[in-house]
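K.L.:
Residues per chain, in single letters:
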Amino acid sequence: MTSTTSHPPAPGPTAGESAAAPAVVVDGVRKAFRLPHQQYSTLKERALHPFRATTYDVLQAVDDVNFEVAEGEFFGIVGRNGSGKSTLLKCLAGIYDVDEGHLAVNGRLSPFIELGVGFNMDLTARDNVMINAIMLGLTRQQARDRFDDIIAFAELEDFLDLKLKNYSSGMTVRLAFSVAIQVDAEVLLIDEVLAVGDAAFQQKCFAEFQRMKDAGRTILFVTHDMGAVERFCDRAVLLEKGRMVDLGEPAAIARRYNELNFGRTVHQMSEGGDDSDERFGDQAAQIVDAWFESLDGERIAEAAHGVPFRAVLEARFNEAIDDPIFGFTLRNDVGTTIFATTTDLDHGSTGSFRAGETVVVRMEFQNLLVTSQYRLTPSIARAGIGADALDLRTDLATVFIHGGHYTGGVVNVPHGFTIERAG
Amino acid sequence: MSATTTSSRRRHAPSAFGDDLRRFWNLTVTLATTEFKLRYFGSVLGYFWSLARPLMFFGVLYVVFTQVLRFGDEIDHYPVYLLTSIILWTFFVDTTNGCVQCLVAREGLLRKMRFPRLVIPLSVALTALFNLGTNLIAVLVFALASGVEVRWTWLEMIPIVALLAVFAIGIGMLLSVLYVRFRDIQPIWEVFSQILFYGSPILYVSSMYEDFEQAAVMTNPIAALLTQMRRAFIDPNAPGLISATGGGLRVLVPFIIIAAVFALGLWVFSREAPRIAENL
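Chains as they are written, first to last, in my numbering: chain C, 1 to 423; chain R, 424 to 703.
One or more of the hints may lead you astray.
Claimed, not checked - A short, non-exhaustive set of chain R residues, derived as facing chain C with CB atoms under 8 Å: (1) HIS435; (2) ALA528; (3) GLY531; (4) ARG537; (5) ILE608.
Hints were generated in silico from the structure; no laboratory data involved. The C-beta atom is built at its ideal place from N, Cα and C for all residues, glycine as well.
Work the whole structure out from these sequences, hints included.
P.N.:
Set out below in structure tokens:
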């Protein structure tokens, strides 16, 4: 990648845990929030009931977390919604005070945890860049010097004098990211930035991360996106209910994360062998049935290669749920996942359901499957990134595919040959 | 606790001042200028609107007091005094009222970024100060047109405005963190500032009090500053702070009150600063 940004050369060695002093030390950090039962938010209430004891629940958001991050390391903090990862990041950033324990950061720390903090929609991009750059710690002179680089990286030269409220969300994020990478920080804290921007710009962001990593900057990165964790992080920590569940290789952490989300990973379930119809999720919605059917709507137990058919699930809602995510996973006879999809990826909003309603979800697909037996694992999850499973039933339906050539591959992708004699 | 532990603890809890004064100042100025820009340059008549509010207020009071109540005939340059005191009062009220909700209004910043918390109330005061600066130009024009003589004592306006700012910021710091906890601070302060408005010599001058009342009223820093303003800026024969308070150590009372309010505000604000983000 060709970078148009100008950073001072970052000091220190590049990635490696052998570096002398760790960049970040988190030692026995605990952080609790008090959630009062009655909110005495007025002086009047205080004056009228001076002796009434305030009762409150204590939410232990971060509970005895310990880790060290080496200089130059790309470190992931992952966990489900409410696992305390953002609270931990805010403690690290110095936005929240910790109750117990000790935090140390060696090197300049980026002061923000989210992109576009302090953007003002009523000002032009030009003004916002200057303001944002100063907020993030640059001097006025530095901000002026780097202005052109910022705009060039964001590719927004033509929209400089447009008010930010007229920007698309993607443009705003590009601008915010471009300013943020100009911050002279040795330790960066990033909370969920990769979920935004179009694919091309995301690619650019990834390249920029790689560049920062190569420059020896330490990055702490909070995310739900296991793909990004496996791709970028050297190590990651998994949090659940404020506690550390696991710390280690990104691949292992991603697997544990999926376990927490769906009970167990697909990989382990297949190792579990023939105890089919295992069930996970909080059962706020229940999968009643699942089957395969032909395009005429007839239930089938076998299909010919090349003939499209449908996977179907039927579910009942025990609670009102908005926009549930329906998912289908198809695995072959040796337990390899051949194909998985969710409505979150392809369908978007699925609608609101009342308690007691039932729903039938059909997923029609092109049949590229080679001869084998395939098992269907339907799932329902709550909307949102890092969705919580409502119900998941492994291997609920089976279909046998016949015909086609057995090639040893798991699918037979339509293809053609071109043969030309050279010379 | 070892030295390194102390330093990193200080780094990690958000504080009132932070550890980088240059950044503190840059942020304060940036927030203040942005706010000023948004308020007055967003509309076509920009500067006019920033003046319109105190001028309209002045116009109404002027008509009521000089034409209806026949008041102010015996006060030299009463209209100039009225306008100046209104504009100084506007600065005080803009700062304190603006501070009440400033932390809650900047929730997004406070919860997503580490910066010295004191920047926010200070930027409110600075915006009000910019506003005061532009308004004082109008006061100057009006004073000269009314035949007020230019004198060296005009320079006293600088410490007068500075002391008023310190007083307003002291109250502002206190109000801003109290509002995070108690949402009825807003109406309480509105009532309180009304009392302060009528209790201070804004519509009238302090020499109209009886001696005894005057001693009590002069403990009010705003009354003290406006009294001195009249002598320094408008009428060198008017009683200043020294004669109004009766001289001696009593002169110090308003200054002690300003210092005490500022110290109290700063102490409460610094104590609350690490927890502002989570209490919002």
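K.L.:
Take the hints in turn and mark each one as holding or not.
P.N.:
Do the hints match the structure? See the list:
Nearest Cβ of chain C to the Cβ of R/HIS435: about 5 Å, under the 8 Å cut. The hint holds. For R/ALA528, the interface hint is violated, since its Cβ never comes within 8 Å of a Cβ in chain C; the closest pair sits about 12 Å apart. Taken as an interface hint, R/GLY531 checks out: its beta carbon lies about 7 Å from the nearest beta carbon of chain C, inside 8 Å. About 4 Å separates the beta-carbon of R/ARG537 from the nearest beta-carbon of chain C, less than 8 Å, and the hint is met.
For R/ILE608, the shortest C-beta to C-beta distance to chain C is roughly 7 Å, which falls under 8 Å, so the interface hint holds.
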